[in-house]
Amino acid sequence: MNIKILDSWLREYLKTKAKAPNLAEKLSLTSVSVERLEKHGESDFIYDIEITTNRPDLMSIIGLAREAAAILPQFGIEADFKEPKFETPEKPKENLDLEIKNDPSLVNRISAAIMEVNLGQSPDYIKKRLEASGIRSLNNVIDVTNYIMREIGYPTHVFDYDRLISKKIVIRESKKGEKITTLDEKTHLLQGGDIIAEDGKNEIIDLIAIMGLKNSIVTDKTKRIVFFINHAKPHRVRKTSMNLGIRTEAAILNEKEIDPELIKDALYKGIELFKKIADAKLISNTIDIYPNKPKTKQITVPLDKINRIIGVNVPAKTSVEILGKLGFNTKLAENNIAVTIPTWRLGDVGIEEDVIEEVARVYGYHKLPSVLPPLIKADDYSLANDPFYWEKRIKNALKYWEFTEVYTYSMVSEEILEGPTKDSVKIKNPLTQDMVYMRKTLVPSLLQVVRENKNRENLKIFELSNVYHPRQSNLPNEITMLAGIIKKENVSFYETKGIIEQLLNDIGIEDLSFTTKESGGLGSSISIKDDYIGEIEILEENIADFELNFETIKKHANLKKIYKPLLKFPPIIEDMRIISDPKITYKKIVSVIKKQSDLIVDVSLLDIYEDKKTFRIKYQDPNKNLTNEEVSKIREKITLALEKELKIKIV
Amino acid sequence: MEEEFINIKNSAMSIIFDAKDLKELEEIKLQFLGRSGKLTLAIKEISKLPKEKRPEVGQLANEIKKTIENLIDEKNRELTRKTKEYHEQKTVDITMPGIKPPLGHLHLITQAIEEITSIFEHIGFTRVRYPEVEWDWYAFEALNFPENHPARDDWETFFIESNSHPKFGPMLLTPHTSSGQIREMERKKTPPIRMLNIAKCYRRQSDVSHVPMFHQFEGLVVDKNISITHLKGTLDYFVRSYFGKDRKSRIRPYHFQFTEPSFEVDVSCGVCKGSARLPDGQSCKLCKEGWLEMGGSGMVHPNVLKNSGIDSKEYTGFAFGWGVERVLMMKEGIKIDDLRLIYLNNLDFLEQF
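Residue numbers (our numbering), protein chains in the order written: chain G, 26 to 676; chain S, 15 to 367.
Calculated directly from the structure, the hints in this document are not laboratory data.
Just so it is clear, CB atoms sit at the ideal spot from N, CA and C, and this is done for glycine as well.
Take these hints with a grain of salt, some might be off.
[What the hints assert, rightly or not] The list that follows gives simulated cross-link-like pairs (lysine to aspartate or glutamate, EDC-like), each with its CA atoms no further than 16 angstroms apart: (1) G:485 - S:362; (2) G:453 - S:175; (3) G:239 - G:209.
[Claimed, not checked] Distance ranges between label pairs, derived from CB positions: (4) G:363 - S:136: 43 to 49 angstroms; (5) S:136 - G:211: 54 to 60 angstroms; (6) S:136 - G:356: 35 to 41 angstroms; (7) S:125 - G:586: 35 to 41 angstroms; (8) G:632 - S:84: 54 to 60 angstroms; (9) S:136 - G:586: 24 to 30 angstroms.
[Stated by the list, open to error] These stretches of chain S come out as covered by chain G in the derived footprint (C-beta under 8 angstroms, 3 or more residues): (10) 60 to 71; (11) 139 to 150; (12) 174 to 186; (13) 207 to 220.
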């Protein structure tokens, strides 16, 4: 959350010679980030500050002044916090009727006072301060509530006393289906469990801690107000505010752990300001219902722990000084500091480390040296077992074979899921209908990419990503898959197969088998030894795809290197052209040829022309030069075997 | 007589060696081996020698003839090759595109992940990977998130339609790589731990600077006496290595549930060079007063150590979790105005990198 404040307003509570740019820089380094510093008029500045959610106490002029006064001395700059004192108002002569009935399980504290006011414009300095803070000045009464919110950091509310017919404010939970109209004239249907105030006759008069309602707020005709401040349970406030989409500054503050002790300050300061700028008169005793007072907390921090976590020695005296200025009560003993947490920090500071953070940040992170953590012991490393190594190799190989890598979303629509939705990981609260299921296959997402790039007649894309398979009472099985698509005219099965063969051969996998696809269609199933890894599919005349289980591939990938002695004697190479029935597979022919002699070291397919195939056969004897007679004997054996076993003719 | 032959050989050798072109070589050949060449004439003289000397000189003459012929042949081949190359070169249009081997493209995110990994591996980090679909325990509860923390509600985190685990709570898509902290500490049981977890994360958001699926990299170091100074050292090393020596980094106070103290890490702006002003005097729109926020970090919260079975009295640690997309965008030269473009998979976009 961000807050904008005027430098001159801040200096009402902060005495220092530090100029605004300097102060902004020091705040950013040690406390909260000043995201922008803008010049305002002749000599003023506006700070735009991001306040972290654990520091709602800094969503105020007073909080920031205290913080700045603690920080600046650590930079050698003098600074003092001018702590405000709010006077108890004089007891009024009259005491108008107002009954407040609280529910302590919903609201921790309620304070209120009734005042007679004279509605009008605020003085210029109030308008100027509010407008610099990004708040529009409306009238003096509303301006007081906003002014207090900025200065003290506590949201306050005003009712029109005369519009509260029953003179009753009853705090309760909303029931499902109850309707309210907020001051911006929007009607909301409540879901139940929201903290509301009603008038005792079932008419809702306030959406507590979030926004005033149209039926009870101040109007042009207002003469008497109820100045109303409360501390509601923060998580309830958040829930209602998010459910209804009402994100007022009041709601954003009230859903944090703001300090209920501030309510008295806010009440007294408010009464004082109403008197000052709205000719107000107190016409009731101040009311304070405070069932849930925060408990004070003490933490004892060992001095050596402070040094151990920060990494340098911080003098105990410095720690005490820093904590003291931040509002902590401290007691220094020989080895430790006992710290009492101020009420405005109870929501944030609870353990030793929290206290150490306070010391460390104000001492200054910028003062600490940069040291790499010493490496005394390291994990054993095995390149072959490093999954990321294989991923990188595969990705690079594909890249150098013209594939472009894509990243598509893991969440897919029902349409892209392909397959039964029942057996899928489904998102309960999807952002859009395009992203409802966790995908079980990558190819449909890649086909989507092909469609989205339909101007490309040729493309090669791939993705290496997880798919998700649900399991009974366990997290889904996340499996890394490698999928790719080749789009080109007359796309070839052999080309796709070749890519996979080469890809896997390169990472030491040789035992590949391609078998008929179970799902039918053009393509093939692929296994490494007995492990099925996936499929090649010729989807259309111009689209081939593959999807392989990368976990299985990784299991088989290896860096094994086997040395085979180089052969000293030259091979004899000859080509053999055959005519065969196309149903006889290549694999079958090669195996028959190879079987005929150990001297056949290689058989490869050279050419296919109609029903004719040309094979190149390499003969080699490791121990001597082969003679033509020896080769012709083997050739005769081959010819005979092919004719006999496969009815193949040699041309 | 023998001497004469040796001389002929020597002079032939040097002349052949110096021949400039094929024409000259042809003349040399005639000069020595032609019908009235020096060697031919000398051989004719052998018949005038006494009979007993002829075989010896004859053999020498033959050897020399062979040597000269070989030399000429060799030179001939050399000159022919050179001439051919010369002619070929004369017809090459060097401005024509070369014949390139095929080349695809790795995704920007992959490239960034590789770079980040290399940097951290240089200082002893081990890369790991943990589930994307997680239990609440790992994503929130063990990381010290209070029950009512906004990140745990339906507006920010994706939940899975599934029964809750009796111990680990609801199933969800992990919104950060920090869930890997708990998993890594459980796996290793005893420090030292020096983890780098890079993974997909998911959040319920989509606009120009947010995508529902994105990548984070998480560092975790747990050991005896790990302090804020070590976090600073690691961070500075990364910033110098990834962004370059002219970029500065700083840590400043921030708030996270799972670290205490917590820091926001800033890197000086690459556009305005950390000055918050552009050369034309305008204020820099990219950064905040000269700084860009890179992400969160902090000292591991003692509750997180406890929840992971690590003795928080004996060990301390630091952790950081930063967006891969974010550091990529913060690198100079990559100005992508809509983060969603990264996952649109428009090939014209992907082929730029």
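Hints and how they fare:
1. For the proposed pair residue 485 of chain G and residue 362 of chain S, the alpha carbon gap of about 13 angstroms is at most 16 angstroms, so the pair holds.
2. Under the criterion of a C-alpha separation no larger than 16 angstroms, the hint pairing residue 453 of chain G with residue 175 of chain S is consistent with the structure, at around 5 angstroms.
3. Restraint check for residue 239 of chain G and residue 209 of chain G: the C-alpha separation of about 7 angstroms stays at or below 16 angstroms, so the hint holds.
4. Here the CB-CB span from residue 363 of chain G to residue 136 of chain S is close to 44 angstroms, well matched to the stated 43 to 49 angstroms.
5. Distance hint check for residue 136 of chain S and residue 211 of chain G: the Cβ-Cβ separation is about 57 angstroms, which falls inside the suggested range of 54 to 60 angstroms.
6. Between residue 136 of chain S and residue 356 of chain G the beta carbons are some 47 angstroms apart, a value that contradicts the proposed interval 35 to 41 angstroms.
7. Distance hint for residue 125 of chain S and residue 586 of chain G: a CB-CB separation of about 30 angstroms, inconsistent with the stated range 35 to 41 angstroms.
8. Taken as a hint, the range 54 to 60 angstroms is violated for the pair residue 632 of chain G and residue 84 of chain S, whose Cβ atoms sit roughly 41 angstroms apart.
9. Under the hint 24 to 30 angstroms, the C-beta atoms of residue 136 of chain S and residue 586 of chain G, about 27 angstroms apart, fit the expected range.
10. With a cut-off of 8 angstroms between beta carbons, the segment 60 to 71 of chain S has 0 residues touching chain G; three or more are needed, and the interface restraint is violated.
11. With 8 residues bearing a CB less than 8 angstroms from a CB of chain G, the segment 139 to 150 of chain S meets the requirement of three and the coverage assertion stands.
12. Here the segment 174 to 186 of chain S counts 6 residues with a CB under 8 angstroms from a CB of chain G, which clears the bar of 3, and the coverage holds.
13. Counting residues of the segment 207 to 220 of chain S whose CB lies closer than 8 angstroms to any CB of chain G gives 6, which reaches the minimum of 3, so the coverage claim holds.
Of the numbered hints stated above, those contradicted by the structure are hints 6, 7, 8, 10, listed in ascending order.
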